[in-house]
Amino acid sequence: MTLKEVQDILNAEVICGEHLLDREVKTAFACDLISEMLSFASSDTLLITSLTNPHVIHTAEVMDAIGVVFVGGKKPSEDIINKLDHGNIPLLSTPLLIFNACGLLFSNGVEGCMRGKTW
Amino acid sequence: MHERKDVVSSPCQPAANKPQLTLRFKIDEKDFLIAGESASKTKKALQQLGLKQEIVKNIAIIVYEAAMNIVIHSNHGEIKIIIAPNQVVVLSEDVGEGIPDIELAMKEGYSTAPNEVREMGFGAGMGLPNIKQCSNELDIKTTVGLGTTLRATIYLNPADTKQVETGTMYV
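Those sequence lines, one after another, are chains A and B. If you read the first sequence in the numbering used here, its first letter stands for residue 1, the second for the next number, and so on. If you read the second sequence in the numbering used here, its first letter stands for residue 120, the second for the next number, and so on.
Mixed in with the good hints there might be a few duds.
Unchecked claim - Computed cross-link-like contacts, DSS-like style, restricted to lysine-lysine with a CA-CA straight-line distance of at most 30 angstroms:
hint	chain 1	residue 1	chain 2	residue 2
1	B	Lys149	A	Lys75
2	B	Lys160	A	Lys75
3	A	Lys75	B	Lys163
4	A	Lys26	B	Lys171
Stated by the list, open to error - FRET-style restraints, in silico, Cβ to Cβ:
hint	chain 1	residue 1	chain 2	residue 2	range
5	A	Asp44	B	Thr280	25 to 33 angstroms
6	B	Gly228	A	Pro95	28 to 36 angstroms
7	A	Pro95	B	Ala134	38 to 46 angstroms
8	B	Gly264	A	Ser43	20 to 28 angstroms
9	A	Leu21	B	Asn136	43 to 51 angstroms
10	B	Lys226	A	Cys16	14 to 22 angstroms
Stated by the list, open to error - Chain A stretches covered by chain B per the calculated footprint, using a threshold of three residues with CB under 8 angstroms from any CB of chain B:
hint	segment
11	36 to 42
12	50 to 61
Hints in this document: simulated from the structure, not taken from any laboratory. What you are looking at is a predicted structure, and each value in this text was computed from that prediction instead of being measured. Quick reminder that beta carbons are idealized off the backbone N, C-alpha and C, glycines included.
Model the full structure from these sequences, guided by the hints.
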């Protein structure tokens, strides 16, 4: 599915990167630990997290994430959004909590990912 | 007519293990943002050099984790990314408490990070194992009370593993 469909399914607000919502989402990775994102997540995956600090956006850049969904209605502060060079990474915010967000995406065909493989 | 000799090795062609470019980041204690910034900048620089996506990602992860280790566990330090035609070396040197038990620190899930660090999503005990996973060779020298030097090497050409000269180390 596309990021636009992810937005619809999760009833999400687009924080930035509206012009990149035609990106294809095949896999996702949900986690609140930076090291696990860096360690396990494969490239071109959708990151789902409740962390909204600047580290998450840097991490998303480093792991080549195709987008980030913040759960629980959380959003990074304006300051972080403006200051960071997140350029190529669309940021979305959904009111759903992490389990429901993942469940909805999974039941719509998005798979979990791990470096080097998907299942 | 002059006889033309083929040039076997051009003088412009540097030795494969000679550093071509060094990126340098000074890291201060508690400067959490610098870790991610260093990793992002490293990634952009390596992309511009045309390295493969997976290699760029691995090096950026090493820089991120090494920088976080300096921020969390040392007084201050420096990270150098030394780029040679045959390899990239990430050299992290810090002045600080050192690692009392490296074997334990290499174990996934083992962490001595304080709570404030964990709340930011760090300190999961995956740093050193992650660095090891992303590098071809990892060498750690540490002295308790003085500091730690970490050298992670990524070979761009697996057939050529001649080490680059990386200069002095603190410990």
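Check the structure against each numbered hint from earlier and tell me which ones fail, lowest number first. 7, 8, 10
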